[in-house]
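Colleague: When you get a sec, could you build the whole thing from the sequences and use the hints?
In the order they appear, the protein sequences are chains A and B.
My numbering puts the first residue of the first sequence at 666, with every later residue one more than the last.
My numbering puts the first residue of the second sequence at 12, with every later residue one more than the last.
None of these hints come from the bench; they were simulated from the model.
Treat the hints with care, as some may be off.
As the list claims (entries may be wrong) - Here are the simulated DSS-like pairs of lysine-lysine, each with C-alpha atoms no more than 30 Å apart in a straight line:
no.: 1; chain 1: A; residue 1: 894; chain 2: A; residue 2: 913
no.: 2; chain 1: A; residue 1: 851; chain 2: A; residue 2: 869
no.: 3; chain 1: A; residue 1: 913; chain 2: A; residue 2: 923
no.: 4; chain 1: B; residue 1: 245; chain 2: A; residue 2: 724
no.: 5; chain 1: A; residue 1: 894; chain 2: A; residue 2: 869
no.: 6; chain 1: B; residue 1: 209; chain 2: A; residue 2: 724
Because the structure is a prediction, the values reported are computed rather than measured.
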Amino acid sequence: MSSANEYAIVALGLRKRFGELEAVRGVSFKVRYGEVYGFLGPNGAGKSTTVGMLITLIKPTGGEAFVAGYSVVREPVEVRRRIGVVFQDPTVDRDLTAIHNMLLHARIHGVPSRIAEERAWELLEMVGLEEHAYRPLRDYSGGMIRRFEIARSLLTNPRVVFMDEPTIGLDPHARTGVWDVIRELKRRGVTVFLTTHYMDEADKLCDRLAIIDHGRIIAEGTPSQLKSKVAGDTLYVRVEDGGVARLKRLLARYGEVKDAGNGLLVLVANDAPRLLPEIISEAQREGVRILETRYTRPSLDDVFLLLTGRRLRDEGGDWRFWGRRVARRLL
Amino acid sequence: MGEKGSTQTLIGGSEADKPRLKALGVGVYDPGFARPLAAMMHRQLLRFRYARSRLVNAILFPLVWLIFFGLGWSAAFNMAGGLARRLFGGLEYLEFLAPGIVAMSVFTGGFGSGLGVIWDREFGYLKEVLVSPAPRPALILGRILGDSLVALFQGFVMALLVSLVAGFPGPVGFVLELIAAYMAALASSSLGTLIALKMRSPEGFHMVVNLIMMPMLFISGAFYPVTPLPSWLKALAYINPLYYAVDLSRGLVYGVHNTPLLLDAIGLAAVTAASLALVVKEFSRIYIA
Ligand SMILES: Nc1ncnc2c1ncn2[C@@H]1O[C@H](COP(=O)(O)OP(=O)(O)OP(=O)(O)O)[C@@H](O)[C@H]1O
Ligand SMILES: [Mg+2]
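Modeller: Below, the structure is given as structure tokens:
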């Protein structure tokens, strides 16, 4: 199983059927050690179900998966020893304090108490909760519980961390904090598997990501690869009045050019970051003085639209809350 | 095992990664069996400390019985004189009732602890526990041990309160009463947990518990002796774990019992063992979906 050893996560045709509904319909992907890999998809796409199978709590109805080199079906305990998990819904003991929750986690995971205590405080500090360590989690806000759970998932120093919508319900400040934690994990060589339905989050954090819809991966790649599927980037180049005609001729080689007036030319083309320096040096050679350049790239939302004909948007709090309550009843 | 058994080894992966990962302290721990067991036990004790209202609940209900039921009947039986005494094996009615009330308090407490299992599922903590590498039997057995200690503590407080009303049975009698109470606590916590694992909602659990708790109380021999009962009711008493708990308790404290004490003990142990076996089986196979 050489591929299982090179990769932190390997999924081979994973499937999960809940009665009539097939929530995950043959999902395959590989995540290298040290990568931040994202699952981006709308509500009900099958993100949490896939995570559930990878962390050994949901039994696949088909396919196979390996995490840290171990089969999630045949060697679940070995997998559990190597992962950290942040579930979509809270999984804390609300009657106990944060520090008690931390230390219990350490003890059921076998972290020696000396190390555990030190790390627990470090991690609580990292997420800005050390002052609230002795409060029962009942008194925490949703965002604080989220941050607590992220800290707790790192207590065992796991090599692979699963985070199911880690920033859901967080204010913008706390969201940025979580992003910083994820970037820090990446810097330390930890593999992060992340699900989200925020495209900006996926775009900013993920080395690679899969777009998932109706239980299938409909596209996979780096954020820029995915976005390059959409017609192209839009480049804006402004020149001195005298150079407009010459620049227009030059740009026409790369794609369709529009004159926006005031010396501003607009070009739609693929791969603007590669193109832009080329255009600038060409222009220099022709003696055209460029005053300003900029470009915009398509968003992952545009990619989703292209692939499914629908927009990928947050449907709003109430709806999700309702859906989740129903899901919890079902468990 | 415990702390010494915890090993920190490197994860299987490409060779080139290993030194770097070691420097970072990325490790794989082995929780062993004893530590998660102790942790889950400790958790139940901590929860109890942070939720004192539960103690009040578990004490209040039996206390109400002792005072309003016990004192009332005791006055009535005193009028009947010697005949009543013979019925209660030579004991005052309050003395007859006292061990039963303690056993009942412990049993209610132990049974009710099963509710925690359901809340853990409801509030997600179950997932946090299930995704850990700790052996599932250690997790659930630790929890039951913790619950049984909490129930024992309730029994202890109850025994003290009861002796104010019915008289202190002496230090030896008191300790013996607690031993009986602990056996009852283990049996009821195991049984309560088993029922909870089979249930999906708190409402369902309450329904089942109320449904079986009432008849269990009445044919336990706590309030009246089971000897004069019709044989079909007596047969029910003999499959009632609370009956054995009450008989054992009364036998140990006052030397008055209906079945041999060894049989009482074996009966309770058998209920405990069977429930635990089923609990471990049920809990070990849990996939959440
Ligand atoms: N235990 C279950 N029993 C039955 N159906 C389920 C269960 N869990 C999930 N589903 C269904 O499977 C589908 C995928 O659910 P899943 O939770 O994986 O979606 P998701 O991508 O995580 O969505 P969200 O963004 O809302 O969290 C949904 O239609 C959901 O209703
Ligand atoms: Mg989800």
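Colleague: If a hint holds in the structure, say so; if it does not, say that too.
Modeller: Right, here's what the structure says about each hint:
no.	hint	in the structure
1	A:894 x A:913	holds (25 Å)
2	A:851 x A:869	holds (13 Å)
3	A:913 x A:923	holds (8 Å)
4	B:245 x A:724	violated (47 Å)
5	A:894 x A:869	holds (18 Å)
6	B:209 x A:724	holds (19 Å)
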